[in-house]
Every structure is written in C-alpha cells, then in structure tokens.
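**Q** Each protein sequence line maps, in turn, to chains E and W.
So for the first sequence, the working numbering puts the first residue at 1; every next one is plus one.
So for the second sequence, the working numbering puts the first residue at 1001; every next one is plus one.
Rather than coming from a laboratory, the hints here were simulated on the basis of the structure.
Please read all numbers here as calculations on a predicted model, not as lab measurements.
A few of these clues could be false.
To be verified - Below, in silico cross-link-like pairs of lysine-lysine (DSS-like), each with a Cα-Cα straight-line distance of 25 Å or less: (1) K1043/W with K1065/W; (2) K1058/W with K1076/W; (3) K46/E with K1043/W; (4) K54/E with K106/E; (5) K1043/W with K106/E; (6) K1052/W with K1076/W; (7) K46/E with K106/E; (8) K46/E with K1052/W; (9) K1052/W with K1065/W; (10) K46/E with K1058/W; (11) K106/E with K67/E; (12) K54/E with K67/E; (13) K54/E with K1052/W; (14) K46/E with K67/E.
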Amino acid sequence: QSVLTQPPSVSAAPGQRVTISCSGSSSNIGNNYVSWYQQLPGTAPKLLIYDNNKGPSGIPDRFSGSKSGTSATLDITGLQTGDEADYYCGTWDNSLSAVVFGGGTKLTVL
Amino acid sequence: EVQLVESGGGLVQPGGSLRLSCAASQFTFSSSWMSWVRQAPGKGLEWVANIKQDGSEKYYVDSVKGRFTISRDNAKNSLYLQMNSLRDEDTAVYYCARGRELGYWGQGTLVTVSS
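Chain E extracted, bound-state conformation (with noise of 0.2 Å):
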C-alpha cells in the first residue's frame, strides 16, 4: 500500500491527452514540492517534472504538472506510442522522514 495513491492504469489514443493524479496528505504533497517519473519498459526511471511543474532540460512541453492541496496531476498531451510507459509521483514525507513513491500509473496509447 503506497502512501501516495495513483491509478493503476489510463488509456487513450494517440493525439490525445491524458491526466494521472497523485493524492496524498498535509505530511507530504501538500507541504513539499512534487516529483514525477517515467520509466519506459526495460530501463531505469527518468525525472519528467519537478517542483510541481518544472520540466528539466530536454522534456518535452508535452508533459506538465500541478499542484493543488494535497493533490498533484501531471498532464500529456499529444500522446505518442513511445510515451508508452510507467509513470510514478514522489514526494518527501514530512512525518515519515522519508521519501515516498505513489504505486505507479501504467500509461497505454491505444
């Protein structure tokens, strides 16, 4: 049981855009920034977004992310097939003195 909650799977046609949620609580998203991850099939997790909605040098504007509360989103649009992949959040937790990972949000571009 992850201490940020995502949803298991999405699906949409590529073109389209998609939207994947992370909830947590006061003791994580909602007092420290917000990280999100892709990890395409095989290899090893790459930073997509940071601090809520700032993308690192060579991410694609495609992908984009916010904070609201104790919630954070990140959004693609223009989906590719090559965007095909397992995107996680992650924050610092406040209470646990840790970092923590949501459970992982399988994307599929149909």
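Fit chain W to the given chain E structure using the hints.
**A** Frame of chain E, contents of chain W only:
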C-alpha cells in the same frame, strides 16, 4: 553528461550481506544529496535511503533501518549501501539517484536474496 554506475549486486543467501557501490561522474558529487531507490521484480519504486552532501544527515525507509547503511566518499565520487541481514523481500534492482528530486538515475544493479 551525468553518469551514475551501480555495482556490487548479485545472489546472496538470506541473512547474508552485500555492499553496493555507485560511481558518479560529470557533476559535482560533493554538492549533491544522493539516494538509493529499489524496485522489486514487477513492482513499483521504493525509496531506500538518502544522504546529505557531507554525510551529516541520513534517512532510511523503516523496513531497512538497522540493517542497511548508506555512506559516501566525496574524494572518490562514490556512494555506497551496506546491506546486512538480507531478507527475501530485499530482492530488487537497486538504483542510485542524484539530488533531492532524484534528477538522474543509474542503470541499476540486481540483488537477489534466495537460498
């Protein structure tokens, strides 16, 4: 380009020990928080531990407290994870990652705990 290369994984019996290493290059290692994150086969990500730039602060997930020790050698640009009293449930790919935001990840090293 930032490089993180893990090593030291392998097959170990329950109750055994293993020391993982992570060699860092192409960035100022001594200026970065560093973490270990693991992923059991077919499962999600689980953060294991992190360490401050000078080693003065270390944090661990509850399930490894008292068994695992994170350390670093800034002169050698290296991060370590000493794993003792290993259990079946510690079987996973172990990644090292840079920064509090886990901005860069290594390719991982597989640890298998089995008799």
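**Q** All the hints need checking, so say for each whether the structure fits it.
**A** To see whether the hints hold, each was checked on the structure:
Taken as a hint, the K1043/W and K1065/W pair is honoured in the structure, with Cα atoms around 21 Å apart against an allowance of 25 Å. Distance check on the hinted pair: K1058/W and K1076/W sit about 19 Å apart at the alpha-carbon level, within 25 Å; holds. Proximity of K46/E to K1043/W is assessed by CA-CA distance (about 17 Å); at most 25 Å being required, the pair is judged to hold. Between K54/E and K106/E the CA atoms are separated by roughly 22 Å; this keeps the pair inside 25 Å, and the hint holds.
For the hint linking K1043/W to K106/E, the alpha-carbon distance of about 12 Å falls within 25 Å, and the restraint holds. A threshold of 25 Å between alpha carbons decides the hint, and for K1052/W with K1076/W the separation of about 16 Å falls inside it, so the pair holds. Taken as a hint, the K46/E and K106/E pair is honoured in the structure, with Cα atoms around 15 Å apart against an allowance of 25 Å. Annotation: proposed proximity of K46/E to K1052/W holds, straight-line Cα distance about 21 Å (limit 25 Å).
Proposed proximity of K1052/W and K1065/W is supported: the alpha carbons are some 17 Å apart, at most 25 Å. With a C-alpha separation of about 23 Å, the suggested pair K46/E and K1058/W falls inside the 25 Å cut-off, and the hint holds. A hinted pair counts as satisfied when its Cα atoms are at most 25 Å apart, and K106/E with K67/E qualifies at roughly 20 Å. Under the criterion of a C-alpha separation no larger than 25 Å, the hint pairing K54/E with K67/E is consistent with the structure, at around 11 Å.
Between K54/E and K1052/W, the direct Cα distance comes to roughly 23 Å. Compliance with the 25 Å bound is thereby established for this hinted pair. Only pairs whose Cα atoms come within 25 Å are accepted, and K46/E paired with K67/E is accepted, the gap being roughly 20 Å.
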